[in-house]
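> Line by line, the protein sequences are chains A and B. 182 is the number that the working numbering gives to position 182 of the first sequence; each next residue is one higher, with no gaps. Position in the second sequence counted from 1, then plus 309, gives you the working numbering.
No lab work stands behind these hints: they were computed from the structure. Just so you know, even glycine gets a beta-carbon here, dropped at the ideal spot from N, CA and C. Some hints here could point you the wrong way.
Listed next, the stretches of chain B that the computed footprint assigns to chain A, with coverage defined by at least 3 CB atoms under 8 angstroms from CB atoms of chain A [what the hints assert, rightly or not]:
| id | segment |
| --- | --- |
| 1 | 339-352 |
| 2 | 452-461 |
| 3 | 517-529 |
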Amino acid sequence: MFRVIVKRLLTGVLVMWGAASLIFLIVRVAPGDPVTILLGTDASAEQIAELTASLGLDRPLLSQYLTYLTDVARLDFGRSYLLGQPAMPEVLERVPATAELMLTSTAIAVVVGLALGLLAGSRPGSIVDRIVSACTIALQSFPTFWVGIMLILAFALAFRMLPSAGAGTPAHLVLPSVTLALPFTAIVARLTRTSVAETMGEPYIQTARSKGLTERQVLAGHALRNSLIPVVTVVGLHMGGLMGGAVIVENVFAWPGLGSLIVDAVSNRDYAVVQAATFLIAGIVMLFNLVTDLVYSQLDPRIRLDGAV
Amino acid sequence: MRRSLAIVAVAALALSACTTTTGGTAGSGSTEVVVAGTYPIDSIDPHGPQGGGTGPQMAEQAIFSRLLRVKPDGTLEGDLATAWKSDPTASEWTFTLRQGVKFSDGKPVTAKDIVDSFKRFIDLKGTNSANFPGYTLASTSDTEVVLKAPKPDAAIPRKLAVFFVLPSGVTANDTAFFERPVGSGPFRLERFSPNEIVFVPNEHHYGGAPKVSKVTVRKMPELAARLTALRTGEVDIAWGIPDDQLPAVQGESSLTVQTVQSSAVFTMWFNSSIPALKEAAVRRALWQAIDFQTIIKQLYPQTGTPSEGVVSANTLGFVKQEPVRHDPAAAKAALTAAGFDFNQKLRLQFANAEFRPFNQAVVSELQKIGVQVDLLEKEQAVFTKDLLALNWDINFQQLSNPTLDAANTIGRLYPCAAKRNGYCNPQLDQLLAQAGASADEKERVRLYGEAARIIWQDAVGMFPMAVKHAYAWNKRLSGFTPDPNGLPSFAGLQVGS
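If we strip away everything but chain A, and leave its shape as in the complex, we get (with noise of 0.2 angstroms):
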């Protein structure tokens, strides 16, 4: 196990190369740069210039990623040119603000998600089944900012129940994250609805029946371990769709995590910081994945990281 793991973040290393790399280029490559934000529209050539060099921006494009590559290694993003603050510490400070919201709505799409799914993968083709699956198709389509305002206009302008936006207390939390959470709790449940359904049908279900177990008993001790194995993947597998989500979501709620950071470098051209997200982001998936391939080989004694089935 422990070679596997030392493997996979050895393996891990070349991805954030790659996605260290690929940033670095599409950031140059769009349109509009950060000396004409910076200088705005009245800036003479001169100045222009001198911004220009001074950023390191009037280097060739080699020169310009091999020092990249030199501080990314060091861990050095560089200097905001907005904030004027070193990009990695701003990008973190906003770290565990979005970690909070992730979290808070995995949970909630994973309780949910779990609960439902289990309801109409336990009755299939009951009205209960029927219900669900037409609730979690329309969560999935519904657009997640469309969502999050008329969550705002309902539950914090109709009924007063809960604040329109910002941070601070728990009860500013609840619309973000369940914003957030619905379009992944519809996935769960989809997924838990048919692997409980398929389960259900298994030859050691007929089996623990027939040893007189209840209906709950069997759903609870034989089905739900076995029906997890697909949503353990799919929950550690989304935790990357999970953070473009948030990106939305934390603009709606004016939520002061990473994404409202991302937006906001990507508009004004902020390399730095875009880098320095994007890294980050890449590492924190590359991360969810290998604990989900962990995960997945302790619920699945058949499944073995090295390969072997």
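Position chain B relative to chain A; hints supplied.
Just chain B now, with coordinates in the frame of chain A:
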């Protein structure tokens, strides 16, 4: 299963219990004021690269003082300066300093602080420092500083409204200082986080400490969240309310709603450097083809009025121009007479989705007379780059003028050397040079009026709409004055009357 349901139930109960903390009005019963931040505030260094942004400026004017500032009515008032005068050439300006002013740490504000701040302002090359190329500031005594310009510049006093004074010795990227900044503005910074910025009164402020105990500016980029928070009382002040949302806000009995004339004018330049738009007759005809009055009535019933000039009516240098009458038949005839190629597609560029309906309406109006236009909505960074490269045929912008001085728009954007719209007119250049060099305010207004008449008649651009800002604030507040530039001061706020 039972366990899962139990967890969900507990979570639901816990979350509903949380609602009691923020369900009511945020500031009711207290002297704290919460403001819905319309613009991002990423930095409070007034001399840094972000210092010139609208959001940072709103924060900076709370913490720091300036030599002079522009009042909401467009007139100038002294802040750290009590009097100012120029030499006859308007290239040397002397400012008499207010005595007894202290920073928030109790130390006196000196001429050296002002001179060193100006040096830092220029050295750090923030966006606003571009207005002072080659300018120097020196103190002649403890009570006087002199600003020298390399050439006559009558707009200096208003330009200085974006120059903020810090204590001497603050270095570039001085993180420690800006974590607990010391300024001589009406407020002190209590907290600055990515989500909100909190000010408390500066007890040492020369004008007396503000009457509110705390002002929190909360970042709320999403309009629905901002307006909901305003209506539920979570925030006390918001602005930038669009027309389609205004009736709902006006229906709230707890709110005062006011629209104020801003300094902004919808400006649609023609690229006069391309053959199709080289002739003034063609540009005028295109303007004439568009029914701006109806578009404004439909899209901006409360926050737009047909513009009467190149700059807003509250700007120094405004002179009313003859309205351009909508006449599509005459427009088409004029275009045909001028040999306009109706097969050519013009590129209309703009940034910001907020302006999409307006530009779509313009395209539609031009299509009615057979003029084809490609509407190009661009990201801000791309828009700015293309704007400077003249990579467009018609350019839409909402041009604001924080100094409320025509020098900042007419004087800056329309000389040949500015190369902003492909238009070059030596007569206009001469007028602008005279206006910029005249220390006589009446003469400046006359000269800018003459210049504006040329710009208007030659249809360097279309100037369809003067913009109003819609503000709404809780009736529990008094002393709030909406600002034409979206930079309201919170110094005079009081809770209750």
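> Hints first: check each against the structure and report whether it holds.
Structure-based check of all given hints:
Check result for the segment 339-352 of chain B against chain A: holds, 3 residues qualifying (beta carbon to beta carbon below 8 angstroms, three or more required). Coverage of a stretch by a chain is defined here by at least three residues with a beta carbon nearer than 8 angstroms to that chain's beta carbons; for the segment 452-461 of chain B and chain A the count is 0, and the condition is violated. Residue count for the segment 517-529 of chain B with a Cβ under 8 angstroms from a Cβ of chain A: 3. That meets the three needed, and the coverage hint holds.
Hint 2 alone, counting from the list given before, is not met by this structure.
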